[in-house]
Amino acid sequence: MNLAVEQLTKRFGGHVAANEITGEFTKGVYGILGANGSGKTTLMRMLATVAHPTSGTISFNGVDIYELGDRYRDVIGYLPQHIGLYKNFTAEKFLLYIAALKGLDKRAAAVKVDELLELVGLAHVRKKKVGTFSGGMKQRIGIAQALLNDPRILIVDEPTSGLDPKERIRFRNLLSSISGERIVLLSTHIVSDIEFIAKEILILKEGRLIHKRSPRDLLETISGKVWLVQAAEHDLHQYQSHYKVGNIVRNEKGAELRIISDIPPSPTAKKAVPNLEDLYLHYFEEDLDAAAAQV
Amino acid sequence: MSRQKNNHQENEWIDWLSEYSIEYPDGEKIEDTIFALHAYVPERKKQRFLKKLPLIVQNAFHESLNMSRTFWAANLIHLMAGLLFVVYLGGDPFLSLFVLAPIPFIIGLLDVFRSRDEGMIELELSFRYSHSQVILARLGIVGAFNLACNLLLWSVFHLFAEPVLLMEMLIYWAVPYTLMIAMCLFLSLAFKSIFAAPVSLAMLFILGMAASQFDIDYKALPGPAWLAVFLAALFALYLEVNFIKRGRYHEFSR
Chain A
8 MNLAVEQLTK RFGGHVAANE ITGEFTKGVY GILGANGSGK TTLMRMLATV AHPTSGTISF
68 NGVDIYELGD RYRDVIGYLP QHIGLYKNFT AEKFLLYIAA LKGLDKRAAA VKVDELLELV
128 GLAHVRKKKV GTFSGGMKQR IGIAQALLND PRILIVDEPT SGLDPKERIR FRNLLSSISG
188 ERIVLLSTHI VSDIEFIAKE ILILKEGRLI HKRSPRDLLE TISGKVWLVQ AAEHDLHQYQ
248 SHYKVGNIVR NEKGAELRII SDIPPSPTAK KAVPNLEDLY LHYFEEDLDA AAAQV
Chain B
129 MSRQKNNHQE NEWIDWLSEY SIEYPDGEKI EDTIFALHAY VPERKKQRFL KKLPLIVQNA
189 FHESLNMSRT FWAANLIHLM AGLLFVVYLG GDPFLSLFVL APIPFIIGLL DVFRSRDEGM
249 IELELSFRYS HSQVILARLG IVGAFNLACN LLLWSVFHLF AEPVLLMEML IYWAVPYTLM
309 IAMCLFLSLA FKSIFAAPVS LAMLFILGMA ASQFDIDYKA LPGPAWLAVF LAALFALYLE
369 VNFIKRGRYH EFSR
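Keeping their order, the protein sequence lines are chains A and B.
Numbering-wise (the numbering used here), the first sequence opens with residue 8 and increments by one.
Numbering-wise (the numbering used here), the second sequence opens with residue 129 and increments by one.
A portion of the hints provided could be inaccurate.
[To be verified] Chain A regions said to be covered by chain B (calculated; three or more residues, Cβ under 8 Å):
1) 53-62
2) 69-82
3) 104-118
[Claimed, not checked] Derived CB-CB ranges, DEER-like:
4) 373(B) - 117(A): 28 to 38 Å
5) 14(A) - 297(B): 58 to 68 Å
6) 183(A) - 318(B): 41 to 51 Å
7) 373(B) - 230(A): 31 to 41 Å
8) 183(A) - 204(B): 46 to 56 Å
9) 330(B) - 118(A): 40 to 50 Å
10) 293(B) - 117(A): 51 to 61 Å
11) 18(A) - 363(B): 26 to 36 Å
No lab work stands behind these hints, which were simulated from the structure alone.
Positions of the beta carbon are idealized from the N, C-alpha and C atoms, including for glycine.
From just these sequences and the hints, can you work out the full model?
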């Protein structure tokens with residue numbers, strides 16, 4: 008099983024949302040990491056056939072997905088970033104309706120709906136209207152609809168944004184448990200969503216794919232660039248203006264800073280083991296600054 | 129002795145044949161190959177046509193089960209109000225149909241574009257049945273049911289109130305009806321149905337009031353002119369349906 012994108016580009020007028028993205032996906036979880044506006048959603052929409060690429064190709068097992076048409080849509084499950092549910096439908100009716108749109112046989116659909124409501128922990132509220140559901144429950148009904156056709160490719164776009172930590176962990180575990188025999192493409196800007204479950208991480212920046220590697224290989228790229236520095240209170244501002252500071256832990260001597268830098272930020276700086284948050288900061292610091300400025 | 133010889137020969141054969149044994153690919157590889165080859169299997173032209181027909185009907189049937197109560201209520205009210213006004217209160221059947229006929233269609237458009245207006249379209253675009261097919265199926269239900277109700281009312285009026293003449297049917301029903309639904313569909317395509325429906329209803333109400341208050345002789349306009357307006361409205365509807373078929377009614381079509 009192989010999904011491949013080749014020179015995939017999407018333009019909206021003069022704006023290039025996805026720029027010549029090339030890559031290949033096989034069984035396993037792929038985390039797509041990027042700041043807001045990096046092209047994650049555009050890439051996901053193209054893979055789900057919701058948006059057409061301006062140029063480039065997407066192929067499944069060597070055949071162009073637009074040539075495959077509904078045969079491709081039969082093997083995908085998609086959970087968009089903003090899922091609008093029919094609020095007046097009950098959870099069960101909503102899933103049965105989606106099953107019909109996916110072309111599932113009525114009897115098979117009923118069995119599958121039962122199974123999935125159990126899997127996502129919503130069996131007890133099957134007769135409740137989805138309009139009354141919490142954010143986490145809506146995401147769970149979202150993942151259930153994506154799994155209705157037992158997809159070989161599962162595309163989930165920022166599934167945990169807006170969820171509380173407990174729901175996020177629950178969702179991550181659920182995704183991990185169903186990822187066995189599928190290609191799972193998960194886009195996020197929350198590092199911990201993919202840290203332990205991704206086989207490979209794709210880093211997108213301004214529409215370009217800048218890395219597609221295993222988490223270990225990616226961390227290798229910043230090995231030796233993460234430092235722990237003990238600083239006095241009055242030096243904090245100076246460090247913050249000169250370096251990428253990932254974390255500040257206050258202590259009795261001032262604060263311990265986690266700094267990403269090519270060179271040691273101070274003679275007393277100690278090397279630290281990099282993690283994916285450091286990696287995110289390394290690639291997207293300016294995006295964090297822009298977000299902070301907006302706040 | 130001879131049995132031993134036979135066994136020996138048999139083993140030789142097995143050894144010899146085993147040199148030619150091949151390893152079968154695993155299940156997943158076989159499945160992938162079938163999937164890949166599937167794309168190159170030509171469909172029979174005749175079958176393709178036959179396949180399409182029941183699919184639209186199937187979709188329409190399924191969608192009809194999911195139409196909102198408001199739509200069915202609008203149809204029921206349309207029928208009841210028409211019968212009450214004409215048969216029991218002795219009202220003008222033409223004015224009744226002029227005002228009432230498009231109402232269920234206008235209300236029905238809220239259901240037709242519900243997925244686009246409620247943010248479900250992104251999801252539905254990734255499904256097996258294309259979103260345009262779903263929209264057209266819903267449009268088919270709304271249009272067909274509305275037409276059936278109108279024909280029922282016409283039949284009742286013809287039998288119990290006033291004989292219906294073709295020319296009057298064209299002037300007081302066909303022209304305003306097609307014009308109104310063409311306009312409402314246009315507004316729904318351009319904006320949200322939640323905006324299009326009240327605007328169309330308000331317009332219909334104003335036109336109805338004007339028709340009942342002022343004694344306008346609509347028949348003064350020659351028949352071919354009415355026919356031309358009717359055909360123009362039908363052409364507009366045809367263009368709008370084609371617009372839907374090409375999927376040019378949502379943000380993802382860019």
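For this session: Against the structure, test the hints numbered earlier, and report the numbers of the ones violated in rising order.
Result: Hint check: 7 fails alone, others pass.
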